[in-house]
Amino acid sequence: MERSTNYIHRSVRVYGSTKIGKNCTIMENVILGYPQHEVLQNITATGEGIEDSDFPGCRIGDDSFIRAGTTIFSDVRTGNRFKTGHNAMIREKTILGDNVLVGTNVIIDGNVNIGNNVSIQGNAYVPTHVTIEDNVFIGPCAVLSNDRYPVRGEYIPEGPILKKGASIGANATLVPGVEIGEGSVVAAGALVTKDVPAWKLAIGCPAKVKDLPDVMQSINKI
Amino acid sequence: MERSTNYIHRSVRVYGSTKIGKNCTIMENVILGYPQHEVLQNITATGEGIEDSDFPGCRIGDDSFIRAGTTIFSDVRTGNRFKTGHNAMIREKTILGDNVLVGTNVIIDGNVNIGNNVSIQGNAYVPTHVTIEDNVFIGPCAVLSNDRYPVRGEYIPEGPILKKGASIGANATLVPGVEIGEGSVVAAGALVTKDVPAWKLAIGCPAKVKDLPDVMQSINKI
Amino acid sequence: MERSTNYIHRSVRVYGSTKIGKNCTIMENVILGYPQHEVLQNITATGEGIEDSDFPGCRIGDDSFIRAGTTIFSDVRTGNRFKTGHNAMIREKTILGDNVLVGTNVIIDGNVNIGNNVSIQGNAYVPTHVTIEDNVFIGPCAVLSNDRYPVRGEYIPEGPILKKGASIGANATLVPGVEIGEGSVVAAGALVTKDVPAWKLAIGCPAKVKDLPDVMQSINKI
Numbered sequence: 688m689e690r691s692t693n694y695i696h697r698s699v700r701v702y703g704s705t706k707i708g709k710n711c712t713i714m715e716n717v718i719l720g721y722p723q724h725e726v727l728q729n730i731t732a733t734g735e736g737i738e739d740s741d742f743p744g745c746r747i748g749d750d751s752f753i754r755a756g757t758t759i760f761s762d763v764r765t766g767n768r769f770k771t772g773h774n775a776m777i778r779e780k781t782i783l784g785d786n787v788l789v790g791t792n793v794i795i796d797g798n799v800n801i802g803n804n805v806s807i808q809g810n811a812y813v814p815t816h817v818t819i820e821d822n823v824f825i826g827p828c829a830v831l832s833n834d835r836y837p838v839r840g841e842y843i844p845e846g847p848i849l850k851k852g853a854s855i856g857a858n859a860t861l862v863p864g865v866e867i868g869e870g871s872v873v874a875a876g877a878l879v880t881k882d883v884p885a886w887k888l889a890i891g892c893p894a895k896v897k898d899l900p901d902v903m904q905s906i907n908k909i
Numbered sequence: 688m689e690r691s692t693n694y695i696h697r698s699v700r701v702y703g704s705t706k707i708g709k710n711c712t713i714m715e716n717v718i719l720g721y722p723q724h725e726v727l728q729n730i731t732a733t734g735e736g737i738e739d740s741d742f743p744g745c746r747i748g749d750d751s752f753i754r755a756g757t758t759i760f761s762d763v764r765t766g767n768r769f770k771t772g773h774n775a776m777i778r779e780k781t782i783l784g785d786n787v788l789v790g791t792n793v794i795i796d797g798n799v800n801i802g803n804n805v806s807i808q809g810n811a812y813v814p815t816h817v818t819i820e821d822n823v824f825i826g827p828c829a830v831l832s833n834d835r836y837p838v839r840g841e842y843i844p845e846g847p848i849l850k851k852g853a854s855i856g857a858n859a860t861l862v863p864g865v866e867i868g869e870g871s872v873v874a875a876g877a878l879v880t881k882d883v884p885a886w887k888l889a890i891g892c893p894a895k896v897k898d899l900p901d902v903m904q905s906i907n908k909i
Numbered sequence: 688m689e690r691s692t693n694y695i696h697r698s699v700r701v702y703g704s705t706k707i708g709k710n711c712t713i714m715e716n717v718i719l720g721y722p723q724h725e726v727l728q729n730i731t732a733t734g735e736g737i738e739d740s741d742f743p744g745c746r747i748g749d750d751s752f753i754r755a756g757t758t759i760f761s762d763v764r765t766g767n768r769f770k771t772g773h774n775a776m777i778r779e780k781t782i783l784g785d786n787v788l789v790g791t792n793v794i795i796d797g798n799v800n801i802g803n804n805v806s807i808q809g810n811a812y813v814p815t816h817v818t819i820e821d822n823v824f825i826g827p828c829a830v831l832s833n834d835r836y837p838v839r840g841e842y843i844p845e846g847p848i849l850k851k852g853a854s855i856g857a858n859a860t861l862v863p864g865v866e867i868g869e870g871s872v873v874a875a876g877a878l879v880t881k882d883v884p885a886w887k888l889a890i891g892c893p894a895k896v897k898d899l900p901d902v903m904q905s906i907n908k909i
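Chains as they are written, first to last, in the numbering used here: chain A, 688 to 909; chain B, 688 to 909; chain C, 688 to 909.
Worth double-checking, as some hints may not be accurate.
Given that identical chains are not distinguished, each listed pair holds provided it fits within a single copy or across any two copies.
Unchecked claim - Calculated pairs, BS3-like style, for lysine-lysine (alpha carbon to alpha carbon, straight line, at most 30 Å):
| hint | residue 1 | residue 2 |
| --- | --- | --- |
| 1 | K897 | K881 |
| 2 | K709 | K770 |
| 3 | K780 | K881 |
| 4 | K881 | K895 |
| 5 | K780 | K895 |
| 6 | K851 | K887 |
| 7 | K706 | K887 |
| 8 | K706 | K897 |
| 9 | K851 | K770 |
| 10 | K770 | K895 |
| 11 | K709 | K851 |
| 12 | K780 | K770 |
| 13 | K851 | K780 |
Source of the hints: derived by calculation from the structure; they are not laboratory data.
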């Protein structure tokens, strides 16, 4: 279907120097270009509205579709054909390739690099300093973690690395710093405590590495 | 308390041919009758608002209470005395019986059949093609899954089946296609990889099936 | 930075007798002082708006920062330097100390006592009747539960107790009534089914109690 204009619902809030590509649809109550925390604190401390402030916004690629309630921070750059569910949250310093889906209620906590053709399903959690390569699938409610000693001392994030074509099952947990190899599959509910080599299956709590069933290998066209 | 009218907050958005029953309360920023994705794309591609478009809405039963921020898609039909928490999301082709609670941040991803007297607690995730019979309880953050080979190939959903009076514990995970038998209980945090017969307890990761403690059996009045 | 006034975004809704401290920032679509369910039902049943009704609100401490979409119920009292992520939800009869962070999409389901210097990360779930002492850290997507027999009979909540300086890992699950001892750490993805003594590590599904590594003990300055 041809279209010449963007559709931006009147309830959308666009902040800073945000740029929106062509043929985009942006729905109810979406917030684009939200300032990161320190910037926002400085702005609001002056008593001015963020609507009137000047700071870097976000960039949304062409042919994107952003559903109701989603918030995208400043200093986020999406590729083309970007899609979200409802109430997704993407924080600052995150770069997304083309054809990325960020599902309903997903949190991407900033400083994340995401490749092309990535799908992140509803309620999944991606902390800071994660690398997600092309063709990765992150199932619903999957949880990546990045803080090995979360006892409120020094914060030294070690985000997981998901290599090309990796697939993370529903409600799986990845401990800080693990690498999931190319084409590997983490089963639903698995607790991954060690690196998973390429083209393997990680299953159980804690996860054991097994051969990837033929059917999974043949399906994955990366 | 007698009441003759609905209370619909002025911030509520009602789309399509949505019909709301009697004695309903619908709170801040609720969206009713949201078009499913393909329909929405077609509408917005024309540059028109969805407010002015004609498409099937949803139906809300009598005496319902829908809390702030909830989104209910087109082609959803609730029973009477339907209740939600905040920011619940119910997608298309979902049918709910009477006395159903859908808690805060719950996602029901469409094509789901839900019986009477069902309670789905906060942050739970229900994918497509799930069957939930009468008197089922789904605990907070419980995760049902439906995609056996989630590697971005063909999508052949196999949703779990929760039989009458089944109870799913907090943060439990159900792999695709499992059936939880009548009156059975899945413990908190369990990872259910096989069918659970009626009136049993599934506990652990992976879950083992044990006899249901007498106290649980006697409490459950289905 | 000096400031003499609050910044309250024009989209904020403030209900009941809510009191907001000094130097606070309250962002888009926040709802403060939301009436608890029974009160709300009574109000809306009269056909009046809750804007015009008189009931107890919430109290927000000085120097607080409440991000977009957060809902705080009536009869909640926060300390100073309270912070939230986006779309956090805090229900009635909850008391929070100073320097508390409640992250994005977190649900605190009411009747919860929270000490000072507590951090609750994104998507975590805290049911009713939980006690969280000073300096506790709750990781992303951690799930506390309180209902031992969730089969829709009598509701006798037994919330976990998190002692001073305890740390709960990402996507961990705590069954009803467990106590996590002072300074103890629950590993990511752990399923805690028994009390954890002070200064121990609980790891695995079900969790086993081990000695706390020296590095974790030395980091934790409670």
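*Which holds for K851 with K887 at a C-alpha limit of 30 Å: within a copy, between copies, both or neither?*
This pair counts as within: shortest intra-copy Cα distance 13 Å, inter-copy 38 Å.
*How do K709 and K770 come out at 30 Å by Cα distance, when the copy is not named: within, between, both, or neither?*
For K709 and K770, the Cα distance is within 30 Å only inside one copy (14 Å; across copies 37 Å).
*Taking 30 Å as the upper bound on the Cα-Cα distance, should K881 and K895 be classified as within, between, both, or neither?*
So K881 and K895 pass the 30 Å test inside a copy (9 Å) and across (19 Å) alike.
*Give the relationship of K709 and K851 under a CA distance limit of 30 Å: within one copy only, between copies only, both, or neither.*
Answer is within: at 29 Å inside a copy they meet the 30 Å cutoff, but 50 Å across does not.
*Tell me, please, which holds for K780 and K881 at an alpha-carbon limit of 30 Å: within, between, both or neither?*
Within one copy only: 27 Å inside, 41 Å across.
*Go through the copies and call it for K770 and K895: within, between, both or neither, with a Cα cutoff of 30 Å.*
Neither: 34 Å inside a chain and 39 Å across chains, both beyond 30 Å.
*State whether the alpha carbon distance between K851 and K770 is at most 30 Å within one copy, between copies, both, or neither.*
within (20 Å within a copy, 37 Å between copies)
*asked:* Checking an output row: K706 and K887, CA cutoff 30 Å. Within, between, both or neither?
replied: Cα proximity of K706 and K887: none, with 41 Å in one copy and 50 Å across.
*asked:* At most 30 Å between alpha carbons: which applies to K780 and K770, within, between, both or neither?
replied: both (18 Å within a copy, 21 Å between copies)
*Are the CA atoms of K897 and K881 at most 30 Å apart within a copy, between copies, both, or neither?*
both (13 Å within a copy, 19 Å between copies)
*Up to 30 Å between alpha-carbons, please classify K706 paired with K897: within, between, both or neither.*
neither (46 Å within a copy, 52 Å between copies)
*Since the copies are identical, ignore which copy is meant and state whether K851 and K780 lie within 30 Å (CA to CA) inside a copy, between copies, both or neither.*
within (21 Å within a copy, 34 Å between copies)
Of the hints listed earlier, those the structure fails to meet are numbers 5, 7, 8 and 10, in rising order.
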